[in-house]
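Spelled out, the chains give:
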Amino acid sequence: MYVAVKGGEKAIRNAHKLMARDRRGDTNVPSLSLKQISEQLYLSVSRVMAEGSLYDVELAALGIKQSRGDLIEAAFLMRAYRTTLPRFGYSKPIDTAKMLIRRRISATYKDLPGGQLLGPTFDYTQRLLDFKLAADGEAPAPETQEFEKEEVMPRVTDLLNDEGLIEQDAPIAPDAPVGDLTREPLTFPAERDLRLQNLARGDEGFLLALGYSTQRGFGRTHPFAGEIRLGEVEVDFFMEELGFEVPLGTMTVTECQMINQFKGSASAPPQFTRGYGLVPGQGERKVMAMALVDRSLRAEELGEEIDSPTQDQEFVLSHSDNVQATGFVEHLKLPHYVDFQSELELIRKVRKEWQEKRNAAEQELVAEAAQ
Amino acid sequence: MSTQATASIFARAPAPGFSDPVHNAQSVFRAAMNAMAQPGTIQQLSDLALTPPAPLSVSATALVLTLCDYDTPLWLDADLAANDVVKNYIRFHTAAPFVESPAEASFALVANTKRLPAIASFAAGTSEYPDRSTTIILMVEDLKTGQGVTLQGPGIKTEKQFSVSPTPPVFWQQMQDNSRLFPLGVDVIFASDHQLAGIPRSSQISGLEA
Amino acid sequence: MTNLIEAQDISGEHYNFAYLDEQTKRMIRRAILKGIAIPGYQVPFAAREMPMPYGWGTGGVQVTAAVIGKDDCLKMIDQGSDDTTNAVALRNFFVETTGVGTTTKTKDASIIQTRHRIPEETLTKDQVLVYQVPIPEPLRFLEPRETETRKMHALEEYGLMHVKLYEDIAKFGHIATAYAYPVMVQGRYVMDPSPTPKFDNPKMDQMEALQLFGAGREKRIYAIPPHTNVVSLDFEDHPFEVTKFEQPCAICGAENVYLDEVILDNDGNRMFVCSDSDFCEDRRAAGHVGLLGTNPLDADKTTEEAE
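Chains as they are written, first to last, in my numbering: chain E, 1 to 371; chain R, 1001 to 1210; chain H, 2001 to 2307.
For the record, the hints were derived by calculation from the structure and aren't laboratory data.
Computed from a predicted model, the values in this text were never measured in an experiment.
Please note: incorrect hints may appear among the correct ones.
Chain E stretches covered by chain H per the calculated footprint, using a threshold of three residues with CB under 8 Å from any CB of chain H [claimed, not checked]:
id : stretch
1  : 73-82
2  : 178-190
3  : 325-338
Ideal Cβ placement from N, Cα and C applies to all residues, glycine included.
With the sequences and hints as input, model every part of the structure.
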């Protein structure tokens, strides 16, 4: 090893060249354009934007291309780039009730004001490999019709508030500070704003597994998919210097409101409670899992017994970030021979002592037998 | 716009900050870091073309520009708090929010040591987060005359003699009480014209009787 | 977008000096000052994502980036050596983002960033030693919860650590911790020295140089000012013992230094050589020779290079 690392610089350069060559693959095949990625692999782009914590379709496409389709690596590239961007301030909260809806479904009602809009979804498709796609066949265009844009599409949970069956959003003062774990390290216990931020950036697979575990009884929350909606919302920024809001543009978001059974506590009557999920881009699986986990993490607030991993906020929030997780797991590839050496020395010493003890014991036995 | 109007805008505009923000801030930080790491030693600041409004000194201003921003509530002594030119200058260059209660301050800037409130009125941190405390930037005339004290503790091989002027009569007694709070307590950076020295909470202070 | 793509080149005008923006540097600098004022206490800081993975030195890199100036001279080591792959990668990062001078000579460096070792040469008051730390919490493997360990530090409740060390003694006859051996700083905070072998622990005590510790993933910074008491935890009847090697370095003959075990061939023949490559080279340059005379593997290297 002492020698193997000499000339490391040259070896590193060569490794990078090899990687670039493998990334490009067969040069007879045209190189992917970023547009191809952002148009045709949009769900990957969405995941990279969410977990990379940066809303930029083109950069996410670049990340995916550069990482050879490794979405965690692509999210990592986005995060590292994000670090270098100056921060101008915080936008106003987006209002998903004013979303330009592309998909909106509720599992809790057959029909509801605004209707069920299936939108672009894999749901109800036959999961059969489509060989027409392999042959580059173009899909038939969907039918379109003029529609009148509804100014507001109320959220299902707002519609049900009349009876008081569903918990209300806790009233929040408009100027109440909102936590930001990219500015202040997370401390425990973390409030819901920070928990949701953590989950929105968290690994989809991790949240999926945790959410699933609650359905199987590890901290069961009896969820119903109250509403899932996908569409575009406007992002506004309040300009301190000008004294008014300016629109920065629109972004695509997916939102999920889970409705969960709640038996009531000393301070709250029996009613439905909610779990919430929101991610940039289109990420239905992620928002549903996020809403399940969010609801589970409210166990303490709702006076529920905490006995499952998903209810344990330190466990969930400390391990949800895949950029952190992948770095630390993969850091085991780095040389550790100095520590290993001290372990070697230690285990040699311990073994030697163990052997000596054993030898002494054996001799004692022999001596006893001889008597 | 008339020349006169332009001139009047320039007259009202805050004086410039660091001429080389990246490297000036780095060199000032290194001086502050060494001041804290070696309590009582005098750290010379390199030439900084700073022209802060009176009564701010170059060194105290340099510290504020290096360490303060919108994340650090800043407390100003009564004279400074009443000085709009000073406040505009600091607000423009750092965006640090001003706070009225010393207990809420990440940093406190004191131009007139007579205006220094009881050290115990600043944030000393909590036992779980002793870092949530105030760092006091104290403008002084010099770092060689005045009442001398002896410092011991981390950063000091055996002991270190330290003098600073002016200090209010109760100052050293309060500093002694402050270091008894360790690991809680405030940290103090003394800023004379172009020099810095630090006394963190970890320094034990003796020799007050002399 | 064109600019963004060009920005892949981290040198030059696209990125700030030392990569981090000035607000981030201020935040880190404030944490460093707090760390120095409270030796051994882990200051939370809002670590940023860096262009190298978490666990690969992001904490050390952020501390160095906040401290380094254009007149500094940087030495970057991993496992005691300047040539290990990650040391090379991190050194290049700073060369590209700061343009500062670098050195492999311990005595010429103003900042030394290290992973897992403290140089053999005594450091001086004008130097800063920056450690890369994976798990800053010495109590973490006894109590996984931050909420609990924070309370233990607040209350100086270190009984659990002593119980763990004593269990070792009961089981093995001595303390079975070979690296990341916990220390008590200035009689107040139990601290993780980072995964340095316990061989290096005594060097931390009363060191003249400032020691800064950065844990990026865990978002903590801590410090040991110069001339601070750093005591390895032990018991009166089982005092702390430094690892001793039975032979000197095979190629420079140094004794009382930390050695790497190098396997020489398929028959399991091995030699022990200095882990601190600069120290070893210096000694050889000064004419010291070990039992093997020269490095037996150098011969292979020469042929490789010739090919």
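Now for the hints, and whether the structure bears them out:
no. : hint    : verdict
1   : 73-82   : holds (count 5)
2   : 178-190 : holds (count 9)
3   : 325-338 : holds (count 11)
When the structure is compared with the earlier hints, no violation turns up for any of them.
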